[in-house]
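Chain by chain, the residues:
There are 4 protein chains.
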Amino acid sequence: MFFASDNTSGVPDSILSALAQANSGYASGYGTDAFMGQVRARIRALFEAPEAEVFLVTTGSAANALALASYCPPWGAVYCHALAHIEVDECGAPEFYTGGAKLTHVAGNSGKMEPQALREALAQAGRGVVHNVQPGILSLTNLTECGTRYSVSEISELAAIAKSHGLPVHMDGARFANALVAEGCSPADMSWRAGVDVLSLGGTKNGLMGVEAVILFDPARAWEFQLRRKRGGHLWSKHRYLSAQMAAWLEDDLWLDLARNANAMAARLETGLEGCAELLFDRGGNMLFAKWPSGLHRQLQVAGAEYFLWPDHQNLDGPDDLPISARLVCSWNTQPSDVDNFVQWINKQV
Amino acid sequence: MFFASDNTSGVPDSILSALAQANSGYASGYGTDAFMGQVRARIRALFEAPEAEVFLVTTGSAANALALASYCPPWGAVYCHALAHIEVDECGAPEFYTGGAKLTHVAGNSGKMEPQALREALAQAGRGVVHNVQPGILSLTNLTECGTRYSVSEISELAAIAKSHGLPVHMDGARFANALVAEGCSPADMSWRAGVDVLSLGGTKNGLMGVEAVILFDPARAWEFQLRRKRGGHLWSKHRYLSAQMAAWLEDDLWLDLARNANAMAARLETGLEGCAELLFDRGGNMLFAKWPSGLHRQLQVAGAEYFLWPDHQNLDGPDDLPISARLVCSWNTQPSDVDNFVQWINKQV
Amino acid sequence: MFFASDNTSGVPDSILSALAQANSGYASGYGTDAFMGQVRARIRALFEAPEAEVFLVTTGSAANALALASYCPPWGAVYCHALAHIEVDECGAPEFYTGGAKLTHVAGNSGKMEPQALREALAQAGRGVVHNVQPGILSLTNLTECGTRYSVSEISELAAIAKSHGLPVHMDGARFANALVAEGCSPADMSWRAGVDVLSLGGTKNGLMGVEAVILFDPARAWEFQLRRKRGGHLWSKHRYLSAQMAAWLEDDLWLDLARNANAMAARLETGLEGCAELLFDRGGNMLFAKWPSGLHRQLQVAGAEYFLWPDHQNLDGPDDLPISARLVCSWNTQPSDVDNFVQWINKQV
Amino acid sequence: MFFASDNTSGVPDSILSALAQANSGYASGYGTDAFMGQVRARIRALFEAPEAEVFLVTTGSAANALALASYCPPWGAVYCHALAHIEVDECGAPEFYTGGAKLTHVAGNSGKMEPQALREALAQAGRGVVHNVQPGILSLTNLTECGTRYSVSEISELAAIAKSHGLPVHMDGARFANALVAEGCSPADMSWRAGVDVLSLGGTKNGLMGVEAVILFDPARAWEFQLRRKRGGHLWSKHRYLSAQMAAWLEDDLWLDLARNANAMAARLETGLEGCAELLFDRGGNMLFAKWPSGLHRQLQVAGAEYFLWPDHQNLDGPDDLPISARLVCSWNTQPSDVDNFVQWINKQV
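Chains as they are written, first to last, in our numbering: chain A, 1 to 350; chain B, 1001 to 1350; chain C, 2001 to 2350; chain D, 3001 to 3350.
Chain A on its own, in the form it takes in the complex (with noise of 0.2 Å):
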């Protein structure tokens, strides 16, 4: 009954059987080892785009920060959403990455901006007067904080919107591989055709050990990433660890069989909640949330349940009828039994 987060799981062992074959002998490091170069190949392939830069790091804030440095100054806004990561859990590596841009809200439902409220936004930013700081960039997350998800058209409304006012494009895809199969489209169409110029495509939450990789689509800024990344100190040494990971999780799609295992599960776990728990939000891949009792939340805890309250403060100390909210977040190696059992356990409670 393990719904804490996806970045509880393991790794596959083909992830570990890659690092021991990565082992043997001398590599030349920094990014110059074999398999980066089987990695740019691939990445390149998957997302049909032949001049794309792509670059690895070993954390999401540390992609995310990174990918917003490199595309906007310090006198920047970043237009994102309220609840999303860069602003909520990254303790201020943006704005430490960027040299103090703001970031700034954009409503919306469902942790998913609307394009009237982005629309707004860039027509109140003062471009071009010195009191105010200047539009930066659009930063998207996908699958969203509420594990909603952003179909490729809103992606591109957003995104369009964006460029008419002279914007980047950031996607922070921690979990793009499970928006991507959700979505049934191609990396491509979910990127760069839909208006993405730098994308964080996240391996750590869907089965690396933390891997995460940043694909610049215009290789402009590619010479200034590297520099930023070096000086963040996010440059391995033995970088062929990291590569030969990300080699063996983008052969034979295999990141994208575990992003549908998880989305599955997701999916199972949708099903057998449906009658017994309200269910919030619009599940757009492997992470829903519920609400129930707040006994019900106590009496889960004892039996070794685990998934974190969402939003985090939220009071316990009422009578057991009193509805708190679960996050609940189905991984690569989520088994049916596991979600059977939870279901299961509610059922028997409720």
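Quick caveat, the hints were computed from the structure, so don't treat them as lab data.
Nothing here was measured: the structure is a model prediction, and the numbers come from that model.
Wrong hints could be hidden among the right ones.
Covered by chain D, according to a simulated footprint, are these stretches of chain A (three or more residues, beta-carbon under 8 Å) [unchecked claim]:
#1 124 to 135
#2 230 to 239
Negatives, chain A to chain C, calculated, CB over 10 Å [claimed, not checked]:
#3 Tyr26
#4 Ala41
#5 Ile43
#6 Leu83
#7 Thr98
#8 Lys102
#9 Gly108
#10 Glu224
#11 Gly272
#12 Cys276
#13 Gln301
#14 Trp310
#15 Asp317
#16 Asn333
#17 Asp338
#18 Asp340
C-beta: ideal position from N, C-alpha, C; glycine also.
Starting from the known structure of chain A, fit chains B, C and D onto it as the hints suggest.
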């Protein structure tokens, strides 16, 4: 004939096994995993420092820059040798993390600061003068970039000078293990007992994939360090893959055995080269520097020998007898036969 | 009919005379001049704060950003109103000086924070959670950007909430003098006695050329403040020209007299407009906001009236009866006739 | 006998008059005042640079740091002399404004870089090597901190070296006027025609209260500069008080006349001291350095003479015949009698 760097080597099998073991099941993230408990306890015991705080990051640049930033304000001077890694090889990571501290050179031969030079630098610093950056921190590297070693008494002398001016002391210990086994002292002797407040303890160059421990002997800055680490994008969600490696590395003195091999191979190389090349600097551990004709260098390259020239930018376009200087690094898995082949090859040419 | 801003006015003759007097002879620089001694002594006496430290800079943005940076770490949240000058009008100066702190909005009508909103913001802040920026500082503006005024008891209540969470309190007092004479209390009552730790005391909007005092009621951060000021390029060599102005301004309560005139003129304007325009917000000092048709606005502009629309980005392209809102600011040298002409002119049209 | 600095002097009466004139009436702020138009036009004409952009700030540190930040990225090296004001006397302002660029010393006697040293520094820079900071900008100071002067051809040679490596060139012209009248060339000759891209044109040391112009000969970075200035808290609301001063200073070559007096007085002082003191460095303008016994120094201090020792930290505790070195600066209002009294006084003692 691979002497390029200790970070072109792989990792011992026991590290791979540790990763495989750590992989099973779910684990809580962000440093709260069980392996991290072991690492902390083991380092406290090894260093006889029951209150020390320990944090893991994945690169030496991150370890150094975060350590410096936690102890030196933006307007501080970081006293270091002109050849220090933090000055030369980190693309300004210390400046980035500290918010613009000034790396200030302290002279000395063979990569080691002269105590008198440090005294003078501190005497000339405009402490209390608002126009000048203020003395901030002393940063020593052991082993140094010249492969030399500070003895315990040399560290103590320099640290005492720093402390007499109220400065904390950082040690870049990317090759701390090599220095330690060469010096034959205890970890405490080479660190806090000699006056070191914060140590970057390198694992990557000595058999890990990308794991460095930062040890704060005084835990007062631990929370600040953690926030800086997170904000720098260096807090791993699947942290167990770092701590499991380091736990295995510390077990049964593996880390010391690995360093001992590297040092022994360097000693063997030194002995082998003594007759046929000019050796530079006093070897302190696993690195040596040799001078030979650029003609020989070209032949060695053709034969597949790998090492770096040092300093980086030497003229190779001259006649064959123009001398160049080479940096030769042995690692935890350098074999006697590697050394012997290289030595024989050179002896044949000379 | 000049109501654009209190900083479009000049300075009283006595300030020019003070500059002329200060000009004779040589003077030691960087804040060691004799006038600065007078300023310090006078402010300590006026504020009944014998240990306070006082420093001069030349813009409100510099005063605010340096004050915030001296009390809030890079990973801190600065709690402020969404309309605060530090959020809207300083192009990210607070983010720049603090090294990337996050300005966090606290809701409330008319530019004033609601105590309950502050309580909630602090309750939701993830203090001790490494993923979140940490509560850093509370920043209040008095007069607010809506021209309203925090009473002494309102300041005390908000400051007490902040302090119960261990936060220091900053006040942006660009119009402190206007608030003070309107409130009719002592400088101490409106600052440290109400819980303010550091005050930006504005001179520029109230009759000086470009002089702001930062008052640190607790001198513990004074040296850090001075280093930050120097490093920000805000330490004047010919400092006497700042301190002489401020000494003259503080003499014989000139600063209060200037503010009294500005407030009185705003009161007169308010009375005059009451019959013919909708007034927004409760006037707290020398600023008021009125709504009238855009047709009238266009006529006023033709007639040479100067004021800003507020908020900045209003649609002026609609029909004549579309309402717009105007910000009207009176200054130390606004004359009754200025007010009366403006009021008469409007009354004629309506 | 005041030779402490050119910034301990006041300002000419014409500057006070300019302030009084500028004081009447309302004026629009933030650099849109009429005086600023005059300043811009005048500087464009004087420098024969019709497209140059001109911005005012109030300190030399701000001018330099903003200029450097607008042309050098955070990962750039700023090539400067070890004695440069930006390195020694600005408490790290360049590091702060650039976001952590590295000031890199270029050797040379008497405060002037040797072309060969610059060539070597650039040859050794690891351009294209991600581990190293990248060549960023060349910064020259004229007059130098040793009171020497770069000739036009020397500037051209150094700038050409920089440009052959793709680097822009900054000049710290805190004493540009003194250098200019001494060199007897046109402003264009000493700046853009010699390869300078951005000039800090100092007014404060030459008769203004605190006004420096930054001249961007290529306007491409003008908007970025303005945002950085605002964000640094250096954009004045009542900007007329800066531009009115500078307009008056540029009128009828006042700035050159003031510099001519300072230089002439320094020449007179040099002549007077030739017989009785060892003079250091070649005097380039209004500053000279002399060596005399510390006994004499103590007598001079008692007699009220004011000058700084240079370098700052000299031992004064030795016997009377221990030599010290003094920095003597003449200003726009140094009088022949000041010089003559000082010289006579010294001659009496020797």
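Tested hints:
Counting residues of the segment 124 to 135 of chain A whose CB lies closer than 8 Å to any CB of chain D gives 3, so the stated coverage by that chain holds, three being the minimum. Counting residues of the segment 230 to 239 of chain A whose beta carbon lies closer than 8 Å to any beta carbon of chain D gives 3, which reaches the threshold of three, so the coverage claim holds. For Tyr26/A, the requirement that its beta carbon stay farther than 10 Å from each beta carbon of chain C is met, with the minimum near 37 Å. Annotated as non-interface, Ala41/A keeps its C-beta farther than 10 Å from every C-beta of chain C; the closest such distance is 35 Å.
Against the 10 Å criterion, Ile43/A stays outside the reach of chain C, whose nearest CB is about 29 Å from its own CB. With 10 Å as the threshold on Cβ separation, the claim that Leu83/A sits away from chain C holds: the shortest Cβ distance comes to roughly 12 Å. Annotated as non-interface, Thr98/A brings its C-beta within 10 Å of a C-beta of chain C; the closest such distance is 8 Å. For Lys102/A, the non-interface assignment is contradicted: its Cβ lies about 6 Å from the closest Cβ of chain C, within the 10 Å cut-off.
For Gly108/A, the condition that its CB be more than 10 Å from all CB atoms of chain C holds, with the nearest at approximately 17 Å. Its beta-carbon lying about 19 Å from the closest one in chain C, Glu224/A satisfies the requirement of being farther than 10 Å from that chain. With a minimum CB-CB distance of about 30 Å to chain C, Gly272/A clears the 10 Å threshold, and the non-interface call stands. Separation of Cys276/A from chain C is adequate, the least Cβ-Cβ distance of about 29 Å exceeding the 10 Å criterion.
No beta-carbon of chain C is positioned within 10 Å of the beta-carbon of Gln301/A; the least distance is around 19 Å. With 10 Å as the threshold on Cβ separation, the claim that Trp310/A sits away from chain C holds: the shortest Cβ distance comes to roughly 13 Å. Every CB of chain C is more than 10 Å from the CB of Asp317/A (nearest about 13 Å), matching its label as outside the interface. Distance to chain C confirms Asn333/A as a non-interface residue, since its nearest Cβ pair spans about 24 Å, more than 10 Å.
Distance check on Asp338/A: its Cβ is at least 26 Å (rounded) from any Cβ of chain C, clearing the 10 Å threshold; non-interface status holds. With 10 Å as the threshold on Cβ separation, the claim that Asp340/A sits away from chain C holds: the shortest Cβ distance comes to roughly 32 Å.
Going through the hint list in order, the structure does not satisfy hints 7 and 8.
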